[in-house]
Amino acid sequence: MSRLSLLDLAFFIAESEASPKHVAGLHIHQIPKGAGAGFAKQLHAEFLEHTDVQPPFDRVIQFMSPTLMPSWGQAASVDLSQHLFFHQLKRGANDREALYALTAKLHEPVLDRSRPLWEVHVIGGLWNRQFAVYYKMHHAVADGITMMRWGMQSLRDTPDDLSLTPVWTLDQTRRGRTGGSRRLDQQLAGTVWKQLTANSKRAIGVGRLTAMLALEAVKLTKNAIALPFMASGNTPFTGNATPGRQFATAAVPMARIDAIRRVARATLNHVALTCLDGAMHRYLADEGVELDRPITIQMPVNLRQKGVEGEKATGNKIGIILVDLSPPTDDAYVRLRNVGYSLRNVRAMIDSVAPEAVETYTILTGLLGQIAGMLQLADVITPMGNTLVSNVPGLAERLYLKGAPLVEMHPVSTLPATHLLNITLFSYAGTLYFGLIATDALPNLWRLSAYIEEEIATLEAAVGITA
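In terms of the working numbering, the sequence shown has 72 at position 72, counting the first letter as 1, and numbering is strictly consecutive.
Hints in this document: simulated from the structure, not taken from any laboratory.
Heads up, a few of these hints could be off.
Claimed, not checked - Straight-line alpha carbon distances no greater than 20 Å define the calculated SDA-like cross-link-like pairs of lysine to any residue that follow: (1) 90 <-> 101; (2) 21 <-> 239; (3) 33 <-> 408; (4) 402 <-> 157; (5) 402 <-> 129; (6) 21 <-> 157; (7) 402 <-> 86; (8) 41 <-> 239; (9) 402 <-> 167; (10) 90 <-> 128; (11) 21 <-> 3.
To be verified - Simulated DEER-style distance windows between Cβ atoms: (12) 128 <-> 82: 43 to 53 Å; (13) 234 <-> 92: 24 to 34 Å; (14) 160 <-> 79: 51 to 61 Å.
The beta carbon of each residue, even a glycine, is placed where N, CA and C say it ideally should be.
Let the sequences and hints guide you as you build the complete structure.
Laid out in structure tokens, this is it:
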């Protein structure tokens, strides 16, 4: 039995039918050459045979436990038929639009807390002899980076390896625990030291972060960190979330992004957020909205420290920081420089405080947002930020599932009760994918996704790259 962290517990407290707290991934595969059209259905049947369910996929949430704190406990049994599902799209209604509509529908319901909090849906009958697998897991179990890492471990590097190791059969609580008793002693000592120092690090870090926010508020600094509840409320991106969902994607070749990076001496995040910023301004103009200040995004940042024991554990290790993008401009190159300036300052701020401080800031600001959501005040108060944008690093090499090439990987995130849109970036096999999840109240989501792909050409022209 393991106790939940405050951040993990917050996902349960904040959950509602209008704002379920699960994350997901949509994988689109090509049926292998020589395999029949029933490949996806056969895969689902084979999935059901793998009944050796490992932690955390065999864990259930226990709000009342011997420790008097919410904890994870082992389920008495796991019925895979309650977690694994098969869907067959009909010919003539099996295109990308139909797949995304089904994905949105699968993403709507809250996961049943009486069972382990995950589902896998195999979707057959797609266009061009393709099928999809939709993976869904509660955010309290894993953040996006962790979920991506688990998914990669269940796939294969070559099409010749036809072995099948479903993600729920991999024990994520024991991976990396090797090295004998000496290493175990080091882990225990590290845990004790962390407990002794965490509060002091948190207090010092929160104090430093508060000072930064105060200096920003009185305009003695610029863009150290965007202030909460200062974003424009005059956009359709925020408001009281509704239960319905819609899903759209955009895809940009990494080669085009890398070319811009080399010419402009920018990072992937700079380029991606510049395209996104331009696309959102175009979308807002279509909706009759003009801003006189930058779009503010809530950006999750990974707080896991490389080389530190326990930093690949289950649960969440993220903070959410507010970032101002570019002031409104028609010049894509100016927008790129403005975004780069803002991101560099935010990165410097994050690196200057303890991760515990950023985590505390995230919990406190999230609590304020949750109160606004519970009181249905999102339509009348100034929002925390205009939308959420996160970037989950992926893999450059192509992966396979029983010989079926994984062609596309799309992230599907969660929505706060006060927002109608969340955007997640994910790179895979030479393509950067933008996954857009929104409530059904946000108009013309498909238009925003189309603008993202068009903005890459606008930025190429701005930095002097010709076709």
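For each hint, the structure was consulted:
1. 90 <-> 101: Within the cut-off at roughly 14 Å; holds.
2. 21 <-> 239: holds (17 Å)
3. 33 <-> 408: holds (18 Å)
4. 402 <-> 157: holds (11 Å)
5. 402 <-> 129: holds (15 Å)
6. 21 <-> 157: Given pair residue 21, residue 157 is violated - Cα atoms ~31 Å apart, limit 20 Å.
7. 402 <-> 86: This hinted pair holds, its Cα atoms lying about 17 Å apart.
8. 41 <-> 239: Distance ~40 Å between residue 41 and residue 239 Cα, so the pair is violated.
9. 402 <-> 167: With a Cα-Cα distance of about 14 Å, the restraint between residue 402 and residue 167 holds, given a limit of 20 Å.
10. 90 <-> 128: holds (13 Å)
11. 21 <-> 3: Satisfied, since the Cα-Cα distance of roughly 19 Å is no more than 20 Å.
12. 128 <-> 82: 43 to 53 Å: Because 32 Å falls outside the window, the suggested range is violated.
13. 234 <-> 92: 24 to 34 Å: Check failed, 42 Å falls outside 24 to 34 Å.
14. 160 <-> 79: 51 to 61 Å: violated (34 Å)
The structure fails hints 6, 8, 12, 13 and 14 (numbered hints given earlier, in ascending order).
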